[in-house]
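Colleague: Start from the sequences, fold in the hints, and give me the full structure.
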Amino acid sequence: MPNEKVEKATQLAERFRDPKDLKRQANPNLKEMTAALDGLRAMGAEGVTGLVDLLKPDAEGGDVHARHCLHGQAMRAGGWPEKERAAFATALAGTLKGNHSKQAKGFVIRQLQVAGGTEVAATLGDWLLDDELWEDAAQALLAIGGTGGQFLKALPKAKGRQLLTITQALGVLKVNNAAEPLRELVTANDPTLRQVAAWSLANMADAASAAVLLKAADTAKGPERTKQTSACLQLAENLLALGRKKEATRICQHLRDTRKAPAEAHIREAAELCLKHTG
Amino acid sequence: MTRKASSVSRRRFLKTSSATVAAAATCQIVPRHVIGQGQVPPSETFGGALIGVGGRGPGTYNTMCRGLNVKQLALCDVKFVGRADNKKVYTDFRRVLERKDIDLIAIATPPHWHALISIAAAEAGKDVLCEKPMTRFIAEGRAVVNAFKRYNRVFQIGTFGRYGASGNRGNITTHKIMRSGLLKPCEAVHIKAGGLKVKQWSGDPGLLPQPVPKSLDWDFYCGPAPLKPYVRPRTGGTHRGYWDYEGGGLSDMAQHHFDPIQWTFGKDDTSPVAIEAHAPPPHPECTGMWGWVELKYADGLTFAMDSREWGERYTRKKERGVSLNDLSPADRKKVEAMPDPPKLLSFAEAVKTRGQAGGHAEAAHRCAAMLHLANIAIRVRRKIKYDPVKEEIIGDPEANRFVNPPTRAPWFI
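Protein sequence lines, in the order shown, are assigned to chains L and D.
Numbering follows this note's numbering, in which position 152 of the first sequence is assigned residue number 152; successive positions increment by one, without gaps.
Numbering follows this note's numbering, in which position 62 of the second sequence is assigned residue number 1062; successive positions increment by one, without gaps.
These aren't lab readings, by the way, just hints derived from the structure by calculation.
Since this is a predicted model, take the numbers as computed values, not measurements.
Every residue gets a Cβ at the ideal spot worked out from N, C-alpha and C, and that includes glycine.
Some hints here could point you the wrong way.
In the PhoX-like style, the derived pairs of lysine-lysine whose C-alpha atoms are separated by at most 25 Å in a straight line are [to be verified]:
| no. | chain 1 | residue 1 | chain 2 | residue 2 |
| --- | --- | --- | --- | --- |
| 1 | D | Lys1100 | L | Lys221 |
| 2 | L | Lys102 | D | Lys1228 |
| 3 | L | Lys276 | D | Lys1149 |
| 4 | D | Lys1100 | L | Lys260 |
| 5 | D | Lys1390 | L | Lys174 |
| 6 | D | Lys1228 | D | Lys1214 |
| 7 | D | Lys1149 | L | Lys245 |
| 8 | L | Lys215 | L | Lys245 |
| 9 | L | Lys31 | D | Lys1199 |
| 10 | L | Lys260 | L | Lys246 |
| 11 | L | Lys215 | D | Lys1100 |
| 12 | D | Lys1343 | D | Lys1149 |
| 13 | L | Lys31 | D | Lys1383 |
| 14 | L | Lys159 | D | Lys1228 |
| 15 | D | Lys1228 | L | Lys56 |
| 16 | L | Lys8 | L | Lys97 |
| 17 | D | Lys1197 | L | Lys31 |
| 18 | D | Lys1383 | L | Lys83 |
| 19 | D | Lys1100 | L | Lys174 |
| 20 | L | Lys83 | D | Lys1385 |
| 21 | L | Lys221 | D | Lys1087 |
| 22 | D | Lys1390 | L | Lys245 |
| 23 | L | Lys221 | D | Lys1088 |
| 24 | L | Lys97 | D | Lys1228 |
| 25 | D | Lys1149 | L | Lys246 |
| 26 | L | Lys260 | D | Lys1149 |
| 27 | D | Lys1352 | L | Lys260 |
| 28 | D | Lys1383 | D | Lys1343 |
| 29 | D | Lys1197 | D | Lys1317 |
Pulled from the structure, derived: some chain D residues nowhere near chain L, Cβ distances all over 12 Å [stated by the list, open to error]:
| no. | residue |
| --- | --- |
| 30 | Gly1054 |
| 31 | Asn1062 |
| 32 | Thr1173 |
| 33 | Ile1191 |
| 34 | Gly1236 |
| 35 | Asp1268 |
| 36 | Lys1296 |
| 37 | Asp1299 |
| 38 | Arg1313 |
| 39 | Ser1323 |
| 40 | Val1335 |
Modeller: Here it is in structure tokens:
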């Protein structure tokens, strides 16, 4: 980018806040801030890339104006005409290919969470397996929605916390064609992964997972038993909402008949309540 | 009110609590489930635990115990690393909830944990008193409501102004007029001006990352919120100034103010439909200044907040109440013939009778949702329309992202 453009973006960003007021945002100057954002908007893609060039690593600091300004613009972009919002997001996503620090890129991804659309899904998907930025990328893709394909693509290579994140995301987005690999994770060695996988299957109302989830709940102990049982009830409720009474009834009857301990009386009652709705 | 309860200093509370917990560990408590759900134990003694032992911890726990004989069996906080014995002192709330001798849970963590711990407590069969604000975002509130319905547990929010409000004859009349649905359109306006601690609970932007204290599990502290570099103000009360954990003075103080107002105007089961704010561009991490917010319900009722700390004052409408004179003579008779609303049950009464507490989950959720909508309007700085049944922002997908933002795995609602 020509230096004059960077300089213009810098000047506009500096108008964004009174340097004397850095500690607390005690008296933001709405007129100055609006003028800065309008000026940057008029610059188009160069206004975006110019701001991103001002971002610094977290440990370095000193970029509070640029961050505030870029976020302010991202929040405004949601109210712009769709074509202009998409152009803003595309320009922002384009900076992820640059040499900025990982923290700067993380900040950019978090702004795409606010202003991005499906036009930046593929770019964000490339970051799902990044050692530092996978959570930011996952959250942005989840906020945008309709991005199950990106998570499904990353699933086979994901490990550890990335696998947890992707498993949960597939449940949030109700990606039913991920059910089969997720069912295998319900019996994984990691108890946290088992619980996340069960919740995801319940959230996507995967009827074929009923037996797997009930078995996981029956055999688990301690807090995991509580969470797995909750997943079973949720699956039953979700199936009921879809009109699949027979499958929902089977789950609730099982819980009603097997949760005999006094400490699980509330589970029995919840199952009975659900059965009332199955007619 | 919780404020009185908090007159016990935190240091003193912790000292006496540790001793109480130790003593309780040596005597047998018959938990409620042993004699059947919904029954008061023979000793009428309940096992209690406090999760989140910060500034609001003692007040919240003591409030939970009012009218009940509670033995404190556990204290839990992510800042107890190196101190936890998993018998009396814990860092992981899940291990507390696993205990069968604990019936009642007081939650006084920062708000980004309120919903998840409340839901986990309901799943484990516990009753909950949860500090306000109830949630960090709107969808969490609905998840809490669903969980407490599913497991038939008692939930009470930690603000109690509605108990006083619901005993006032004028408020009862307003409540009955509003619930009758006969006032169309409703021209009532309630304005909260000042007292929302906007500047006081704004965050400090631009701080450089600091080393995490050894006693704190920072990853667990962040939990469902994004894992950000540690800076001290993100914890210890000043967490209120960070979007990741709360919504500034507005979400914190306004639930105190609007909870009784919401009851008085009969809006415990719905939400505003149009929200507009006057505010400067928001900071990405920190809550900040704003001027006013206006929230309109479908029947025309308007609530407004005027910060009196920045920008323009709220001048769009003037305060206006509701009276029987607003109705036709025939409608007035109908309202006068309506029975008074039932007395609100205290947490203790609800626990003993298995009834619904006055500050129940749906009411608390609707109040918190109102405040979240106000903050969304402040952040996006455009008028938003809300569907109170679907609980979605209409026609603005970017604004709607704040209704149910993603949570960090493995934490889900």
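Colleague: Determine for every hint whether it applies to the structure shown.
Modeller: For each hint, the structure was consulted:
{"no.": "1", "hint": "D:Lys1100 - L:Lys221", "verdict": "holds, 13 Å"}
{"no.": "2", "hint": "L:Lys102 - D:Lys1228", "verdict": "holds, 13 Å"}
{"no.": "3", "hint": "L:Lys276 - D:Lys1149", "verdict": "holds, 14 Å"}
{"no.": "4", "hint": "D:Lys1100 - L:Lys260", "verdict": "holds, 15 Å"}
{"no.": "5", "hint": "D:Lys1390 - L:Lys174", "verdict": "holds, 18 Å"}
{"no.": "6", "hint": "D:Lys1228 - D:Lys1214", "verdict": "holds, 17 Å"}
{"no.": "7", "hint": "D:Lys1149 - L:Lys245", "verdict": "holds, 20 Å"}
{"no.": "8", "hint": "L:Lys215 - L:Lys245", "verdict": "holds, 20 Å"}
{"no.": "9", "hint": "L:Lys31 - D:Lys1199", "verdict": "holds, 20 Å"}
{"no.": "10", "hint": "L:Lys260 - L:Lys246", "verdict": "holds, 23 Å"}
{"no.": "11", "hint": "L:Lys215 - D:Lys1100", "verdict": "holds, 23 Å"}
{"no.": "12", "hint": "D:Lys1343 - D:Lys1149", "verdict": "holds, 21 Å"}
{"no.": "13", "hint": "L:Lys31 - D:Lys1383", "verdict": "holds, 19 Å"}
{"no.": "14", "hint": "L:Lys159 - D:Lys1228", "verdict": "holds, 22 Å"}
{"no.": "15", "hint": "D:Lys1228 - L:Lys56", "verdict": "holds, 15 Å"}
{"no.": "16", "hint": "L:Lys8 - L:Lys97", "verdict": "holds, 23 Å"}
{"no.": "17", "hint": "D:Lys1197 - L:Lys31", "verdict": "holds, 24 Å"}
{"no.": "18", "hint": "D:Lys1383 - L:Lys83", "verdict": "holds, 21 Å"}
{"no.": "19", "hint": "D:Lys1100 - L:Lys174", "verdict": "violated, 34 Å"}
{"no.": "20", "hint": "L:Lys83 - D:Lys1385", "verdict": "holds, 22 Å"}
{"no.": "21", "hint": "L:Lys221 - D:Lys1087", "verdict": "holds, 18 Å"}
{"no.": "22", "hint": "D:Lys1390 - L:Lys245", "verdict": "holds, 23 Å"}
{"no.": "23", "hint": "L:Lys221 - D:Lys1088", "verdict": "holds, 21 Å"}
{"no.": "24", "hint": "L:Lys97 - D:Lys1228", "verdict": "holds, 23 Å"}
{"no.": "25", "hint": "D:Lys1149 - L:Lys246", "verdict": "holds, 23 Å"}
{"no.": "26", "hint": "L:Lys260 - D:Lys1149", "verdict": "holds, 21 Å"}
{"no.": "27", "hint": "D:Lys1352 - L:Lys260", "verdict": "holds, 23 Å"}
{"no.": "28", "hint": "D:Lys1383 - D:Lys1343", "verdict": "violated, 37 Å"}
{"no.": "29", "hint": "D:Lys1197 - D:Lys1317", "verdict": "holds, 23 Å"}
{"no.": "30", "hint": "Gly1054", "verdict": "holds, 22 Å"}
{"no.": "31", "hint": "Asn1062", "verdict": "holds, 26 Å"}
{"no.": "32", "hint": "Thr1173", "verdict": "holds, 36 Å"}
{"no.": "33", "hint": "Ile1191", "verdict": "holds, 22 Å"}
{"no.": "34", "hint": "Gly1236", "verdict": "holds, 17 Å"}
{"no.": "35", "hint": "Asp1268", "verdict": "holds, 22 Å"}
{"no.": "36", "hint": "Lys1296", "verdict": "holds, 19 Å"}
{"no.": "37", "hint": "Asp1299", "verdict": "holds, 28 Å"}
{"no.": "38", "hint": "Arg1313", "verdict": "holds, 14 Å"}
{"no.": "39", "hint": "Ser1323", "verdict": "holds, 39 Å"}
{"no.": "40", "hint": "Val1335", "verdict": "holds, 35 Å"}
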